[in-house]
Amino acid sequence: MSLPPLPAEAVVVGATATDWRDAVRLAGAALVRSGAAREGYSDEMIRMIDEHGPYVVIAPGLALAHARPGPDVLADGLAIVTLATPVEFGHPHNDPVRVVLGLAIKSADRHLAAVAGLANVFNDSTAIQELAEATSIEAVQAIMEENR
Amino acid sequence: MKIVAICGAGIGSSGILKVNAERVLKRLDIDADVVAADIASLPDVIGTAQVILTSAEFVEAIGKTFADVVVIENYFDTAELTTKLEKALG
Chain A
2 MSLPPLPAEA VVVGATATDW RDAVRLAGAA LVRSGAAREG YSDEMIRMID EHGPYVVIAP
62 GLALAHARPG PDVLADGLAI VTLATPVEFG HPHNDPVRVV LGLAIKSADR HLAAVAGLAN
122 VFNDSTAIQE LAEATSIEAV QAIMEENR
Chain B
248 MKIVAICGAG IGSSGILKVN AERVLKRLDI DADVVAADIA SLPDVIGTAQ VILTSAEFVE
308 AIGKTFADVV VIENYFDTAE LTTKLEKALG
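So the sequences go chain by chain: A and B.
Going by this note's numbering, the first residue of the first sequence is number 2, and it counts up by one from there.
Going by this note's numbering, the first residue of the second sequence is number 248, and it counts up by one from there.
There could be a bad hint or two in this list.
[As the list claims (entries may be wrong)] Here are the simulated BS3-like cross-link-like pairs (lysine-lysine), alpha carbons at most 30 Å apart as the crow flies: (1) 249(B) <-> 331(B); (2) 249(B) <-> 334(B); (3) 107(A) <-> 249(B); (4) 334(B) <-> 273(B); (5) 107(A) <-> 273(B); (6) 311(B) <-> 334(B).
Treat the hints as calculated values from the structure; they're not laboratory data.
Take these sequences, add in the hints, and give me the full structure.
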């Protein structure tokens, strides 16, 4: 397994989020729509940030929202939400966030293949801006597909 | 040599640090075992680790350690990882 699948239901382009919690909830809802997670997964992702701080903002403009494998994860899944207006997560260097990834992982044993796929895409420093500027779901899928 | 990558969940962000650290170490021709773990299990995995890779948010929770705590700002910037790993290991 490399990058988890990214069906159209898991992509939201140009979303409006009132704050970081709202942005993470949008990513969680996308994972629910694509069948990767149950409703409760959004709250788990938010709890990780409440507990540990905004460390999920792992690169300038990009948040990788995720929680642990658990009963709220139904399948490995990835969601991408691009924001019409960037939101602040409170990160000292990488704010504001324009692209929120939601990651659901069923088994910790297999997660490295999934994140290696993410590294393949995002080690190219132009990928975040390309995603932020994408105007359609197909364009977002193409950017991820080209680089996986 | 052992390196530990730490995040809140032990998957996701610490996994990205592990994958990219391994790529950088390979390029530097340094042989190291890189382990991804969550902050709660750090005491179980730290062992003789020489370096801990993490975000600023976890430095306080990591606390006192013999390992070099290296804070990474951009997890996808292999140039940043290279510079900071070279410094910590050099």
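- Holds or violated: are the alpha carbons of residue 107(A) and residue 273(B) at most 30 Å from each other? Status holds; Cα separation ~29 Å.
- Would you check the hint for residue 311(B) and residue 334(B), treating anything up to 30 Å between C-alpha atoms as holding? This hinted pair holds, its Cα atoms lying about 20 Å apart.
| query | When you check the alpha-carbon spacing of residue 249(B) and residue 331(B), does it fall within 30 Å? | reply | Holds: residue 249(B) and residue 331(B) sit about 16 Å apart, inside 30 Å.
### Message
Tell me if the straight-line CA distance from residue 249(B) to residue 334(B) falls inside 30 Å.
### Response
holds (16 Å)
- Are the Cα atoms of residue 107(A) and residue 249(B) separated by 30 Å or less? holds (27 Å)
Q.
With the threshold set at 30 Å, check whether the alpha-carbon distance from residue 334(B) to residue 273(B) stays at or below it.
A. holds (16 Å)
Of the hints listed earlier, there is not a single one the structure fails to meet.
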